Amino acid sequence: MASVQISEAEKVYIMHGVRDDLRVDGRGCEDYRHMEIETDVVSNTDGSAKVRMGHTDVLVGIKAELRRPRPNVPDEGYLEFFVDCSANATPEFEGRGGEELGVELSNTLYKVFNSHRSLDLRSLCVCPGEHCWVLYVDVLLLQCDGNLFDAMSIAIKAALFNTRIPKVRVLEDEEGGKEIELSDDPYDCLRLRVDNIPCIVTLCKVGHRHVVDATLQEKACSAASLLVAVTPRGAVTCVRKLGAGSLDPDSIFEMTETGKRVGKALHAPLMELLQKDESLGKKRQKVGFLA
Amino acid sequence: MPVDTKRVRGPEESQSPVLFLPPSTQSPAGRSGQGARGNADIRPVFTRCGLVSQAKGSSYLEAGNTKIICSVYGPREIERKDETDMKSGRLVCDFRLAPFSCRKRGAWIQGSEERDLSLALLESMQPGVCLHRYPRSQIEVNVMVLENDGSILAHAVTCASMALADAGIEMYDLVLGCSLRQDGDACLVDPDVLEEKGSWQSGYEENQGRVTLALLPNLGQVSGLQADGEMREDALPAAVRTCIDGCHKMYPVVQQAILRAVKKKAPPPEK
Amino acid sequence: MAGLELLSDQGYRLDGRKASELRKVQARMGVFGQADGSAYMEQGNTKALAVVYGPHEVRGSRSKSLHDRAVINCQYSMATFSTAERKRRPHGDRKSSEMSLHLKQTFEAAVLTQLYPRSQIDIYVKILQSDGGNYSACVNAATLALVDAGIPMRDYVCACTAGFAEGTALADLCHAEETGGGTALSLALLPRSQSIALVQMDARLHQDHLDTLMEAAMEACKGLSKVLDSVVRQHLQEVSVLSRD
Amino acid sequence: LSTNVTCFVRTAEPLEYHRSFLKENCRPDGRELGEFRPTTLNIGSINTAEGSALVKIGNTTVICGIKAELALPSSDAPDKGYIVPNVDLPPLCSSRFRPGPPGEQAQTASQFIADVIDSSNIIKKEDLCIEKSKLCWVLYCDIMCLDYDGNLLDACIITLLAALKNAQLPKVTINKETDLAEVELQHKRHLQIRCHPVASSFAVFDDTVIIVDPTAEEESLCRALLTAVTDEDDQLCALHKPGGISLSAEKLQDCISRAVTRNREISKLIDKVIQSTEMSK
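Protein chains in written order, with the UniProt record's numbering: chain G, 1 to 291; chain L, 1 to 271; chain D, 1 to 245; chain W, 1 to 281.
These are calculated hints, taken from the structure and not from any lab test.
Please read all numbers here as calculations on a predicted model, not as lab measurements.
Glycine included, C-beta positions come from ideal geometry on N, C-alpha and C.
Keep in mind that a hint or two might mislead.
Claimed, not checked - Taking lysine to any residue and the SDA-like style, the derived pairs with C-alpha atoms no more than 20 angstroms apart in a straight line are: (1) D:Lys64 / G:Pro91; (2) L:Lys265 / W:Asp29; (3) G:Lys111 / L:Glu114; (4) G:Lys178 / G:Pro74; (5) G:Lys111 / L:Glu196; (6) G:Lys167 / G:Tyr78; (7) L:Lys265 / W:Asn59.
To be verified - Here are the computed distance ranges between Cβ atoms for each label pair: (8) D:Ser61 / G:Glu179: 53 to 59 angstroms; (9) D:Asp229 / G:Glu179: 53 to 59 angstroms; (10) L:Lys87 / W:Lys268: 56 to 62 angstroms.
Unchecked claim - Quick partial rundown of chain W residues pointing at chain L, CB under 7 angstroms, derived from the structure: (11) Ala49; (12) Leu70; (13) Phe97.
Start from the sequences, fold in the hints, and give me the full structure.
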């Protein structure tokens with residue numbers, strides 16, 4: 001993963017700061033950086049969102065395509081994840097350099113989001129066994145300064161909220177042949193329920209404490225972190241230990257608790273913001289990167 | 001699609017006969033197959049070290065029908081010299097499922113599941129190995145699952161740490177793995193394939209999940225943790241504790257296998 | 001596609017523009033904090049992002065470095081969701097490699113590479129949304145990013161496309177016009193010296209018409225250069241206001 | 001001290017070291033020139049495969065798993081099924097193999113096995129057809145080396161044959177009404193094995209000395225390799241000699257007659273193991 005190298009003295013400085021609940025940028029241990037969220041930024045997608053968290057910048061575009069359902073779940077649609085670690089984020093990712101990380105990230109996203117508990121996959125089915133919607137969730141990393149997972153999960157949730165899939169009707173003719181008709185009314189569309197979609201909170205163990213939303217520098221001081229996916233109701237849907245170090249059981253429990261608390265608190269303002277953003281409708285000034 | 005010219009190719013498309021079973025027989029009854037096993041019991045484990053003559057160290061592990069073989073090569077010169085600091089060694093993990101190891105045939109080319117498992121294995125093993133003792137070199141761990149009957153990642157962790165020990169690689173501690181399946185109120189340790197799937201993927205029931213944990217038993221440190229599924233508030237910590245207990249249950253078996261391998265390599269002086 | 005009428009009898013184009021009218025251009029410099037230079041560019045519905053790293057030591061093998069000037073390294077990629085049909089891969093296909101090469105050639109002509117011997121300048125461009133004129137949006141964005149990075153250039157490099165329909169030259173084509181069957185020409189121009197950094201045309205055109213087409217493209221480029229210049233000036237003003245206090 | 005010296009000679013001048021043994025008509029591991037390493041067999045240990053076998057020749061360990069799938073027969077042979085053999089030499093089995101696509105040796109081995117299947121007719125491909133131009137079986141024979149210490153081909157053929165003999169396919173019928181296949185797992189039958197090919201490999205040292213069943217070290221030092229495949233009727237099914245020095249017809253005949261006796265030994269072994277596996281059930 002993209003990383004920075006820092007000196008021993010810097011490490012000590014950061015670790016002492018974390019011990020006293022005062023981080024280099026003035027935050028407390030459980031504070032996120034300033035976050036900017038904007039939806040509907042790329043017009044030729046079915047849903048999109050951009051999240052900026054400090055110097056971490058993520059753009060998510062969702063495209064829906066009609067495909068055959070998977071044979072083992074014929075009455076459900078599914079999600080596909082692709083993470084493009086573009087060279088924009090760091091020159092290391094040039095050519096095929098970002099591929100490995102991209103696969104790693106998309107695998108984890110798949111585990112976190114592609115379950116019928118977080119999204120009603122059945123609503124994506126058009127015609128059991130024959131047609132279903134596949135949501136291609138493409139994540140573009142534009143800049144990375146740590147805490148990719150959290151930023152990606154928020155962007156994905158926002159983009160799913162923003163997604164509008166055209167309504168389709170299945171017409172059956174006399175011989176039993178089926179035809180699919182797309183609704184041409186742009187307002188006649190399917191929205192996704194995002195109430196249960198989890199957000200990821202990554203906790204980074206620095207010294208004896210752990211911090212939320214670690215920057216790359218803080219990450220360099222830590223050997224292990226814990227990824228926790230939390231739903232708005234506070235249920236944990238995914239836990240992963242990341243990094244080369246190990247954790248003692250007690251800190252795992254503590255970190256999951258913190259993750260739960262922080263994650264739960266994250267959802268409400270996020271939904272509020274998304275709803276407010278949408279109610280502005282066309283009046284909302286689209287700034288995109290022009291902000 | 002690029003054509004794979006380096007292998008003997010079959011027809012473009014073929015389907016597993018499992019897909020054509022009459023619907024009634026498609027999901028054979030749950031847990032009856034294993035006979036009487038308590039929910040908290042691990043399956044009988046058979047382990048052996050030093051089977052692969054060409055490798056520096058190797059091990060074989062059988063838990064129920066799950067069969068895993070692992071070999072360790074190195075330390076040898078680092079292959080990719082571009083990045084990484086040279087002060088500490090590199091651990092390289094390759095996790096593969098043999099094409100015939102699952103109910104559905106797998107492909108030869110490493111899929112994303114295997115890559116994911118390789119990474120999980122690497123992150124679980126890394127904290128246990130004294131990599132700073134092997135500057136400028138890499139240690140390769142190759143794991144092959146011959147038959148997948150559940151809990152492969154957990155057993156692969158155990159198997160890999162035995163192979164590392166057999167290869168004489170310096171370690172802080174062994175790494176043991178254990179996995180668990182939360183199915184409603186039942187908490188099944190060391191699940192087999194049927195238990196792993198269970199009603200979780202088809203149903204919408206409460207408190208379903210899966211936990212895999214890797215433990216350094218003497219240091220009491222958790223080196224790997226993966227939990228998926230929506231579990232009740234108290235179920236997750238309980239599951240972690242149960243897995244830790246499960247790991248400790250494996251410890252004597254693993255110890256014995258390593259001891260045997262050591263004795264074989266350096267027989268104690270006869271009296 | 002014969003059915004598509006690129007220019008109406010009244011002289012309006014598909015999106016209501018006049019023949020020589022450019023699409024709305026919006027741009028911003030310094031969008032990212034981590035890169036040495038960055039810029040975002042919208043030309044109508046085409047959105048491009050450019051990032052510049054360097055000049056820095058040559059990465060990878062030493063043999064690539066040049067003793068008398070800097071190496072320019074470009075990568076062009078498209079977001080998988082940027083086109084109407086989803087792309088499977090962001091880069092690495094033949095078209096992106098060709099585009100990367102074109103960008104490299106363009107900027108080798110414009111950047112004062114001899115000021116930075118034995119070093120490398122990375123230019124990465126990404127198309128976020130594609131609606132025709134990808135190449136020109138990339139060039140314009142990259143120019144702004146280079147300015148943002150403070151890398152000396154001979155002049156702005158401005159790029160624009162021009163097409164030819166029913167005897168009239170059309171400036172700054174959108175996607176429908178590009179694929180509509182007419183001729184399309186991309187031009188990258190250093191406006192002050194009127195020198196051409198790169199020109200490309202892949203379709204048939206009677207040589208008598210070439211002059212009109214080139215003329216239209218040059219005009220469009222000059223128009224763009226004014227916009228770019230104002231963006232740079234405005235950015236500098238903002239920055240200097242910020243740094244004054 | 002003497003062990004140290006021999007150790008040194010073995011690493012520094014491996015060929016000389018081997019020659020010194022061959023002169024005495026024996027080999028460094030104590031075998032005679034015409035002696036195979038102990039060969040053991042384990043059949044049906046992989047439950048997820050339709051048929052499986054693991055064979056060990058000395059240290060060399062090879063496992064074969066057979067997975068059967070259903071497919072459409074090809075248009076140029078509508079009454080035939082498919083057999084798809086592939087040999088994999090994963091990095092697990094020796095440090096000489098790297099991860100990634102199969103190397104040259106794995107490719108040649110796969111092709112060799114495919115040729116043996118075709119030429120010997122182990123299984124008639126017509127037997128794998130369920131309904132003409134509609135449905136047939138594909139037998140994926142995935143052979144994987146777990147420990148590479150020479151003589152890969154012999155081991156591959158033995159494990160393939162044993163796995164095929166072990167394989168059982170469920171009964172499949174095509175439902176006349178729905179035109180879909182129906183699989184009955186309760187009714188399984190063995191494949192009809194029509195031929196029992198067994199391979200024997202030889203290595204040539206110094207133009208004249210021929211040894212059987214070379215180890216990895218011997219393979220790397222010898223001047224030529226030869227593999228002969230014969231069936232139970234003493235017919236030659238395949239002969240494989242990838243380059244190296246030439247061999248007189250006489251010597252070749254010797255090799256083939258050794259291969260014929262080897263076939264007897266292995267056939268006996270396979271039958272014995274199959275019997276005991278069935279007994280233990």
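We went through each hint and held it up to the structure:
| no. | hint | in the structure |
| --- | --- | --- |
| 1 | D:Lys64 / G:Pro91 | holds (16 angstroms) |
| 2 | L:Lys265 / W:Asp29 | holds (18 angstroms) |
| 3 | G:Lys111 / L:Glu114 | holds (14 angstroms) |
| 4 | G:Lys178 / G:Pro74 | holds (17 angstroms) |
| 5 | G:Lys111 / L:Glu196 | holds (15 angstroms) |
| 6 | G:Lys167 / G:Tyr78 | holds (17 angstroms) |
| 7 | L:Lys265 / W:Asn59 | holds (17 angstroms) |
| 8 | D:Ser61 / G:Glu179: 53 to 59 angstroms | holds (58 angstroms) |
| 9 | D:Asp229 / G:Glu179: 53 to 59 angstroms | holds (55 angstroms) |
| 10 | L:Lys87 / W:Lys268: 56 to 62 angstroms | holds (58 angstroms) |
| 11 | Ala49 | holds (4 angstroms) |
| 12 | Leu70 | holds (5 angstroms) |
| 13 | Phe97 | violated (10 angstroms) |
Violated hints amount to a single one, hint 13; each of the other numbered hints is respected by the structure.
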